[in-house]
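A.B. asks: For the protein sequence lines, the chains are L, F, V, X, P, B, R, W, U and D, in the order given.
In terms of the numbering used here, the first sequence opens at residue 1 and continues consecutively.
In terms of the numbering used here, the second sequence opens at residue 1 and continues consecutively.
In terms of the numbering used here, the third sequence opens at residue 1 and continues consecutively.
In terms of the numbering used here, the fourth sequence opens at residue 1 and continues consecutively.
In terms of the numbering used here, the fifth sequence opens at residue 1 and continues consecutively.
In terms of the numbering used here, the sixth sequence opens at residue 1 and continues consecutively.
In terms of the numbering used here, the seventh sequence opens at residue 1 and continues consecutively.
In terms of the numbering used here, the eighth sequence opens at residue 1 and continues consecutively.
In terms of the numbering used here, the ninth sequence opens at residue 1 and continues consecutively.
In terms of the numbering used here, the tenth sequence opens at residue 1 and continues consecutively.
FYI, nobody ran anything at the bench for these hints, they're computed from the structure.
You may find that some hints are simply not true.
Unchecked claim - Lysine to aspartate or glutamate pairs mimicking DMTMM-like chemistry, simulated, CA-CA at most 20 Å apart:
{"#": "1", "chain 1": "P", "residue 1": "Lys55", "chain 2": "P", "residue 2": "Glu31"}
{"#": "2", "chain 1": "L", "residue 1": "Lys55", "chain 2": "B", "residue 2": "Asp79"}
{"#": "3", "chain 1": "U", "residue 1": "Lys12", "chain 2": "P", "residue 2": "Asp79"}
{"#": "4", "chain 1": "V", "residue 1": "Lys12", "chain 2": "W", "residue 2": "Asp86"}
{"#": "5", "chain 1": "D", "residue 1": "Lys55", "chain 2": "D", "residue 2": "Glu78"}
{"#": "6", "chain 1": "W", "residue 1": "Lys93", "chain 2": "U", "residue 2": "Glu59"}
{"#": "7", "chain 1": "V", "residue 1": "Lys55", "chain 2": "W", "residue 2": "Glu59"}
{"#": "8", "chain 1": "U", "residue 1": "Lys12", "chain 2": "P", "residue 2": "Asp22"}
{"#": "9", "chain 1": "B", "residue 1": "Lys64", "chain 2": "D", "residue 2": "Asp87"}
{"#": "10", "chain 1": "B", "residue 1": "Lys93", "chain 2": "D", "residue 2": "Glu78"}
{"#": "11", "chain 1": "U", "residue 1": "Lys12", "chain 2": "U", "residue 2": "Glu59"}
{"#": "12", "chain 1": "W", "residue 1": "Lys64", "chain 2": "R", "residue 2": "Glu31"}
{"#": "13", "chain 1": "X", "residue 1": "Lys64", "chain 2": "V", "residue 2": "Glu78"}
{"#": "14", "chain 1": "L", "residue 1": "Lys12", "chain 2": "B", "residue 2": "Glu78"}
{"#": "15", "chain 1": "R", "residue 1": "Lys55", "chain 2": "F", "residue 2": "Glu78"}
{"#": "16", "chain 1": "F", "residue 1": "Lys55", "chain 2": "F", "residue 2": "Glu102"}
{"#": "17", "chain 1": "L", "residue 1": "Lys64", "chain 2": "B", "residue 2": "Glu102"}
{"#": "18", "chain 1": "W", "residue 1": "Lys121", "chain 2": "W", "residue 2": "Glu78"}
{"#": "19", "chain 1": "D", "residue 1": "Lys61", "chain 2": "R", "residue 2": "Asp79"}
{"#": "20", "chain 1": "D", "residue 1": "Lys12", "chain 2": "R", "residue 2": "Glu78"}
{"#": "21", "chain 1": "U", "residue 1": "Lys64", "chain 2": "P", "residue 2": "Glu78"}
{"#": "22", "chain 1": "V", "residue 1": "Lys121", "chain 2": "X", "residue 2": "Asp54"}
{"#": "23", "chain 1": "U", "residue 1": "Lys93", "chain 2": "P", "residue 2": "Glu78"}
{"#": "24", "chain 1": "R", "residue 1": "Lys64", "chain 2": "F", "residue 2": "Glu24"}
{"#": "25", "chain 1": "B", "residue 1": "Lys61", "chain 2": "B", "residue 2": "Glu78"}
{"#": "26", "chain 1": "R", "residue 1": "Lys61", "chain 2": "F", "residue 2": "Glu24"}
10 protein chains.
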Amino acid sequence: MKKKNSPLQILKTFANPHPHRDYEIEHIAPEFTSVCPQTGQPDFGTIRLLYIPDKLCVELKSYKMYLQSFRNRGIFYEDVTNVLLDDLVQRLKPRHMTIISEWTPRGGLRSIIRCEYRPAKP
Amino acid sequence: MKKKNSPLQILKTFANPHPHRDYEIEHIAPEFTSVCPQTGQPDFGTIRLLYIPDKLCVELKSYKMYLQSFRNRGIFYEDVTNVLLDDLVQRLKPRHMTIISEWTPRGGLRSIIRCEYRPAKP
Amino acid sequence: MKKKNSPLQILKTFANPHPHRDYEIEHIAPEFTSVCPQTGQPDFGTIRLLYIPDKLCVELKSYKMYLQSFRNRGIFYEDVTNVLLDDLVQRLKPRHMTIISEWTPRGGLRSIIRCEYRPAKP
Amino acid sequence: MKKKNSPLQILKTFANPHPHRDYEIEHIAPEFTSVCPQTGQPDFGTIRLLYIPDKLCVELKSYKMYLQSFRNRGIFYEDVTNVLLDDLVQRLKPRHMTIISEWTPRGGLRSIIRCEYRPAKP
Amino acid sequence: MKKKNSPLQILKTFANPHPHRDYEIEHIAPEFTSVCPQTGQPDFGTIRLLYIPDKLCVELKSYKMYLQSFRNRGIFYEDVTNVLLDDLVQRLKPRHMTIISEWTPRGGLRSIIRCEYRPAKP
Amino acid sequence: MKKKNSPLQILKTFANPHPHRDYEIEHIAPEFTSVCPQTGQPDFGTIRLLYIPDKLCVELKSYKMYLQSFRNRGIFYEDVTNVLLDDLVQRLKPRHMTIISEWTPRGGLRSIIRCEYRPAKP
Amino acid sequence: MKKKNSPLQILKTFANPHPHRDYEIEHIAPEFTSVCPQTGQPDFGTIRLLYIPDKLCVELKSYKMYLQSFRNRGIFYEDVTNVLLDDLVQRLKPRHMTIISEWTPRGGLRSIIRCEYRPAKP
Amino acid sequence: MKKKNSPLQILKTFANPHPHRDYEIEHIAPEFTSVCPQTGQPDFGTIRLLYIPDKLCVELKSYKMYLQSFRNRGIFYEDVTNVLLDDLVQRLKPRHMTIISEWTPRGGLRSIIRCEYRPAKP
Amino acid sequence: MKKKNSPLQILKTFANPHPHRDYEIEHIAPEFTSVCPQTGQPDFGTIRLLYIPDKLCVELKSYKMYLQSFRNRGIFYEDVTNVLLDDLVQRLKPRHMTIISEWTPRGGLRSIIRCEYRPAKP
Amino acid sequence: MKKKNSPLQILKTFANPHPHRDYEIEHIAPEFTSVCPQTGQPDFGTIRLLYIPDKLCVELKSYKMYLQSFRNRGIFYEDVTNVLLDDLVQRLKPRHMTIISEWTPRGGLRSIIRCEYRPAKP
């Protein structure tokens, strides 16, 4: 069900130009914003995406549009971090991926969520 | 006995939305204050909570209220850090948890306490 | 009326050891905390006191106790800054005084209040 | 005409508790976001409001809601800064007011707009 | 003669939306690069443009293109700073303008050039 | 084919003066610039080269000229980082090498690419 | 012999309130000063003590007094760091301890000494 | 009386090599320490001396020895700052002098004292 | 006499390309080194030169060579700052000039010397 | 041959006061300067020496004099770092040693060299 609402189809890719080598790509997006489903107030955070591409790399402009699709969507910190990982893993099928979300303070508390994907070993 | 005085029941939880995956949640609370039991003077510190949730996540607002319950309580640095860990482990039964407390200087000395929980291996 | 509740009498003073010269004393208190009268939540801030003493200087330990007397008192940002200035001017009768309060973020907003006293010219 | 679209009526006020004295209030909002009317892309910035209140102070929560009303509105940097000043001057009738908006980089360029209000001297 | 080579015509403008008020616009461009006419080596610097608009504001995208037109042009630090001021004053006819160029170190020396325009008083 | 366009021949070397020992050389170039092949806009970044020399070290001035040869060349982030590694490995035949490229923000996104070379074990 | 001169007896302890768990205590003392035995000039440094308590914790005020006992004592950097470790290990019998001393520059040189204690394994 | 105890005679001077010009000399001493006369505890601070020499400059090594003469002397913040100014003015007869003392926190309070000398105009 | 030893003749100039306007040039040289005439030990500092050119600008490479001519010369902080100002004023005849020298710590003391030239008004 | 020119004999040592324990000594020298043998221009860098002493420690003042002996010597980055390691290992026969040299930028490039000594295992 969730996948229906997920803007997964926005994400465009291009062929990894150097697939013979494991190398790491990091994109840091300090302008992420979504909405707290409990209070209706906007949340602000930085999303760090790190991955080792296999056959596909994410195209930067489409990744920005994908992140912007959360702008008016109600979703919790823990959930958004895992959804980003699920979506990007499904789309890119990377060799490794980490998502770290760092949120601006609310009520004097600052939160950071980290999650990671490693493909199952054959 | 201690548990009687502990405001453990303030802590609310919600179901971990992604229990199939190990991921880390960090909450940083720079506005923690308690009272030194020896001098009666207020202490000020930052509490960093890091954990890998199992079935439960801590609800942020209740966690803030829980921390505020120490505001007028007399308790030493070493003790408060361990009590926080004991309370949160008991309530959340996490896969892993660390508490780090960093205190503002007293008499030219600055203190940091770190403690960690790992469940016993079966 | 307000003066009745004000802990003005806590403030101790000592004779300015160098009254023949205009010089400036600054005390910075980064551990100030009071309570928001609307929400009942604790507020945290830094109080900067700058003054040119005339006959009296404020004794540091009593000034710390005076600031601590606001710990469980409900009072707004704008009000506490002006009350501190009124109290300290009344007690020290300085040649000049400034109070600056800088508050930790609430709801994504950070506030700073500045107020100043200059004696009326004869 | 513009005033019709302006969410001026969201702003609530309270009586200045110390009108006998000129003092300065500063609110810093690092989570401001609006939309570029040309590209449709979100803009992100920090809004600094500094003012000397006369009879009225702006209530913080309503000020936050007022700033949030720009979230999905298309408006240029120069315009939003002046509109904020016009709205807040009309509502608060302050003795002095400054608005500074600092924007995150676009195309490698970072912009800052500063505008100021002083009442005409009688 | 110099004006012939100057890419002045790239600069687009739009009508100042708030001409009734003196306010300041600052654009900071940390990605400026030109070529040293003596050594043929690239120079790198940050260009800060501050101005009070009269009837016209500079359009950001065209300003970026204008700065990029210096990318392969041989010109000294002192010269480029004054040329930028001359061009922008001629195009915008502002009430006030300052250009500050800050250059990355060459041979252990770091340079900063500041120049300013004020219209002659009538 | 790519090698034809690569300015590999610019790179000069000198004999490693201490080949009996594994030691690491790092060169940090914060003034790298190339051109985005999609938009034609200049990109700016910092290139960090770390390597353990075997028989050859890269001569600094020629390395600077080599980096400058990308100034007006259209090439993507991921590609340039791998090309730098391929070229420098081919020329220096090092015991180990890492290239890290850190790019200035575009559209609110900041990117970092890391790739590494280790010779195959015999 | 050295122990006679050592102010070891100043150090007071209290029972570790949570001996069932390995946790780390760090005390940072940025106001340490002793005297150089060669030049008679004062030395200034920061002493960082990290330890895992077994049965005993060091009482903070007595630790401060202990550090102050070096104020007019002639002792070299390397020596004082090891003496602190020897004294504190003897007094606290910890599970693990590290002392790091960081000294302000002398003659353009800044020094850091690190030493560590691990009990012999049975 | 005070002058008897003051180590004024330690201060050596040399002839100002450029008396025809007003220029400013600043010496920053971050390793100042004295003793609190009330508690007997050491105080730590940074002493900044700024002056425009007339006929005499203070010799640096003797100035360091002079500051060290306060090491075991009981004296308050406000007093020491004024005594330093009195001593140095008496010894150097400068055209202008400022002393700023910045003290490390005590009881959560950080203090700064500033005092200044200008010769009476003839 | 002093002028004989001064390496004034190293300084090359070029014609100010924009003499019709007062603008400021700043060169920051963080790698200045000379020798203390008393101890024979090297001194290290940063020299900041700010000036408003009249007919002449200083050529950067020759200015670097001029500063390097002090590398093995014995000269005090106060003296070198004034000598730099005298030399550069004599050579450039600027409309205004400031020299600021900031020195690395010696014996726990850090020094800054500032001197300034304004031509006598006709 | 090289050893003839090396100022190895300047280095004085003293007996390690605590040889029964492995501990680390770090000396950071931010004022190192030598001469580029190619251009004749001075180079500036920071030398970090870390070692675990065996029987001998390096005496600080002689180490400073040793570093100063490179002041007018022509030597490349890679070479000086290895020579320092060779000299200090030969003189101190330490249990472990690392030398890290960090150089100020030249031509927009900043370099860092790291080398390490571990005695052969018996």
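A.B. asks: Would you mind marking each hint as holding or not holding in the structure?
C.D. replies: Comparing the hints with the structure gives:
no., hint, in the structure
1, P:Lys55 to P:Glu31, "violated (28 Å)"
2, L:Lys55 to B:Asp79, "holds (14 Å)"
3, U:Lys12 to P:Asp79, "holds (18 Å)"
4, V:Lys12 to W:Asp86, "violated (27 Å)"
5, D:Lys55 to D:Glu78, "violated (29 Å)"
6, W:Lys93 to U:Glu59, "violated (40 Å)"
7, V:Lys55 to W:Glu59, "violated (36 Å)"
8, U:Lys12 to P:Asp22, "violated (43 Å)"
9, B:Lys64 to D:Asp87, "violated (32 Å)"
10, B:Lys93 to D:Glu78, "holds (17 Å)"
11, U:Lys12 to U:Glu59, "holds (5 Å)"
12, W:Lys64 to R:Glu31, "holds (18 Å)"
13, X:Lys64 to V:Glu78, "holds (17 Å)"
14, L:Lys12 to B:Glu78, "holds (16 Å)"
15, R:Lys55 to F:Glu78, "holds (13 Å)"
16, F:Lys55 to F:Glu102, "violated (29 Å)"
17, L:Lys64 to B:Glu102, "holds (18 Å)"
18, W:Lys121 to W:Glu78, "violated (26 Å)"
19, D:Lys61 to R:Asp79, "holds (17 Å)"
20, D:Lys12 to R:Glu78, "holds (16 Å)"
21, U:Lys64 to P:Glu78, "holds (17 Å)"
22, V:Lys121 to X:Asp54, "violated (24 Å)"
23, U:Lys93 to P:Glu78, "holds (17 Å)"
24, R:Lys64 to F:Glu24, "violated (37 Å)"
25, B:Lys61 to B:Glu78, "violated (25 Å)"
26, R:Lys61 to F:Glu24, "violated (37 Å)"
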